[in-house]
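Colleague: Chain by chain, the residues run as shown.
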Amino acid sequence: MPEVKLVNVTKRYKKITAIDHLNLHIQDGEYVTILGPTGSGKTTLLRLIAGLVKPDEGAIYIGSKLVNDLSPEERDVGYVFQNFALFPHLTVWQNVTFGPRVKYWNRERTTSLGWEMLEMVRLAERANAYPHELSGGMQQRIALARALTAGTKLLLLDEPLGALDARLRVELRYELKKFVNDLGLTAIHVTHDQEEAMTISDRIVVLRWGRVEQVGSPVELYLEPKSVFVANFVGEANFLEGIVEEVSKNKASIKIRGDLPISVLDVTHQKEERVVVAVRLENMVLKAGEVTGINHLFGRIKKIRFLGISMRYDIQLDNEDIITVKMPTAHVTQRFDMGDRVTVSFAPEKAVAYSYPIEGLAKELSVG
Amino acid sequence: MQITFKDQIEKTLSTRWCRGLWYALIVTFFVAFVLVPTIYVLSYAITGWGAINLYVLSDPITVGLIARSLITSFEIAGLVTLFDFLTGLPMAWILVRRRFKGRRFIDTLIDMPLAVPTSALGFSVALFWTSRGGIAILFGLSRGLISSPLLLVMMVHLAFSYPYMVRSLAAILEEIDISYEIAARTLGAAPLTAARTITLPLFKAGLVTGIILSFARSISETGATMIALTTLASVEKTAPVLIASWKSIASQNPELANKLIPAGAFVSVALIVLACILLVFVKIFVTYTKIPTRKVWPKTERFLSRSWPRQLRDVYAYLFLFLVIIIPGFFIFVYAAHGPSVSVTSGSLDWTQFWSSLNASFSIAAIVTLINLVLGIPMAILIVKGNREKGKIRGLTILLDNLVNIPVIIPTVALGFSLGLFWTMISRLYFPLLAQNPFWLIVLAHVAFTYPFIVRSVSGAIEELDPTFEDAAKTLGARPLEVFRRVILPIVKSSILAGAIMMFTRSLDETGATMAVVPKAVTAPVYIVTLVGRLAYYEAALACIVLIVVSYTAVLALRYLTLRIKVA
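Protein sequence lines correspond, in order, to chains A and S.
Going by my numbering, the first residue of the first sequence is number 129, and it counts up by one from there.
Going by my numbering, the first residue of the second sequence is number 116, and it counts up by one from there.
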């Protein structure tokens, strides 16, 4: 039942357009994350669906029902807030059964639902505690139980793990996904943590300036980002500016700074067009000394960072561009030192060329 | 889903239409019963300018009298505020920043004068400084230590305005994160330097509140001032006392009313206008004056940060608290213990009359508190909601937000005078019965000046309330009325209680507004003023003690009851 459809939805706050003619269709039973930098309109989108703010234009459907004019209490959605918003004056039990009580459900049903949810989140023994007596992780689980006791099938999660520490965050996100699957819910999960989005979503909606930048499964987004912004925001990439030199049937050659030629399989661009070539950090290969070949660039090691499971090298190319190479620690066979002369290379099929962004590369890459 | 009758009612009451109607009612009440009556005297002064010109301005003696009373009032209020600040700042500092044994005791002591009706407190302070049994014993004097009426009035005003200053300074100090100061000290600043250059500049908001509260309390106090002036048999009058006495003369000699009512209106308007100008000036002055922070005197300030100057500061703060506030404030118990011999004249206390006045006072305070709880809390919600929303009603609510404060700044006696004029006019035109019913006139007057207390205290609490609680309740299916009843109300309960206690005690306290509305009113504080006027000191002292004990018990009971009632 709870599929969610937004048609041409716009929401403005004074001069800022938080959501700009947005269209989105979320299927029943899907786990969708809304991913975007701060100020991209993620939370506004969620609040629009919940009815906490009203759209200036457009239509919002939950199920097949137009809900534009329904107030939040009539929409039957579950909402988990970033700071949990557990009522401080009520016990865990009173918090969890708040929904059924304000809806005047009968007592037996309320009680059985309440216990069911508390047991699901494994906190039945803390029913009489007050929220401030619980740890952050417990509070998060109670907030989830509270949102679900009211019987909703649509769960809205506003950075539900944002207030927790790193380790707990990772642990709870799988638990969250499991609850949603077990209960057959539709979940819309707002986050700015791309790793979180990648690991739990069926689909990811990348939001930017109130518009949908790209929608797709995590794999799609990672492998085929539609813009420089997505390539940068979902996963990490090197970006090389250049001009298309020649386009043939199955490959294009591009001249980057310092007149260095590179070759990509992407043939969608015109000759003479200004482009940005994106290559994922992990698709870069690092070799000692100067080795010639297609897409082989020379430079010196500028910085070495050890990150545990991987190594990162910053290489300053001879044309002054900086390229980062990421290599699993287990695959590092050769020791590199600062200032070593090296060759970085990448296969033409691993590189994607994008038209040069209108607002400039720096603006496109900023995620603030 | 079963729909009960209660459910249906809540659903109906939560509709947009119903809420709109309710808010319209709330705003109408505020305008008709609080705002317009309060400032009616201004329009009266304009329409009645002829009479004012004829009877007041053309009579040099009256003009001189008015000018002197106004100057006296402002002089006293200014000095009282200054001393409150100089002694309140160290006290607030000690309360907030120090953790010592007996801190809670000191904390309660500072609040004590708030729970005691000012006329009783004033009488006690006046007796302490002027009677033979008071401080005079210490110096072996046969008369009181203080013989200057102005000084005495100042001592009286200090006693009841001091808690307001300490409380507002402490409140803001509590909010200032101590880590700023710690950061300054780790960067090498001496404690005093850190306090002066970091905390003090962040402090100005509290300073403005403190100054306005102390000043407003001092400028409007009538009962305690009258008592203080009587004990020294002084002919000197402050502006509120002048208004109250003129109103009382006018009610006894209707032939003089033609002259005295315009004169009273003129003094009221002058008092209102001058007080407002001064407060606006203070606000601007404090906001725009920069506390000098550039210059630092490391050696001097390090020296002054050593332990003995700080101990000296503490001693000074405690000495003031006990010598000027607490001991004089409770001297009345010692005085009464001396027995009837201390009385100047031996008039016997008419207990039936006293009990009925006490009864009237309590009834009025209870009714006023109830009315304002019902009508003030929605106003607070309206203001906060409107200010939060960026929509059309924002302009209206910001206006309301500021208008609500008006009765606080206006001296209560002027407010009472204005209300008296307004309701007499209304009753003459529409409800002839009202004029013959002093009880309800007093209720109306008290409703007007206590209204801001509940609105301010509740709107402050709701403003601080995280709006996501409300959102959470809504998404869980609670309708607006339920959100209010189940979430907002229980969380802001303590602020409602604070507002209620404030209204109750202020209503119980009030002399000026009561006398200016109904000169022959018999509320307990007015009765005490009358007793002192008859020089029946011992009887007045007994009455004061009863009033103190009863009102203190009432406050405790109210607190206990409200904490126990579960808002479910």
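I should point out that these hints are in silico values taken from the structure, not numbers from a laboratory.
All figures in this text were calculated on a predicted structure; none of them were measured in a lab.
Just so you know, not all the hints are guaranteed correct.
Here are the simulated lysine-lysine pairs, PhoX-like style, with alpha carbons at most 20 Å apart [said to hold, decoys possible]:
{"#": "1", "chain 1": "S", "residue 1": "K319", "chain 2": "A", "residue 2": "K182"}
{"#": "2", "chain 1": "A", "residue 1": "K377", "chain 2": "A", "residue 2": "K491"}
{"#": "3", "chain 1": "S", "residue 1": "K500", "chain 2": "A", "residue 2": "K142"}
{"#": "4", "chain 1": "S", "residue 1": "K608", "chain 2": "S", "residue 2": "K500"}
Colleague: Any of the earlier hints contradicted here, and which numbers?
Modeller: 1, 2
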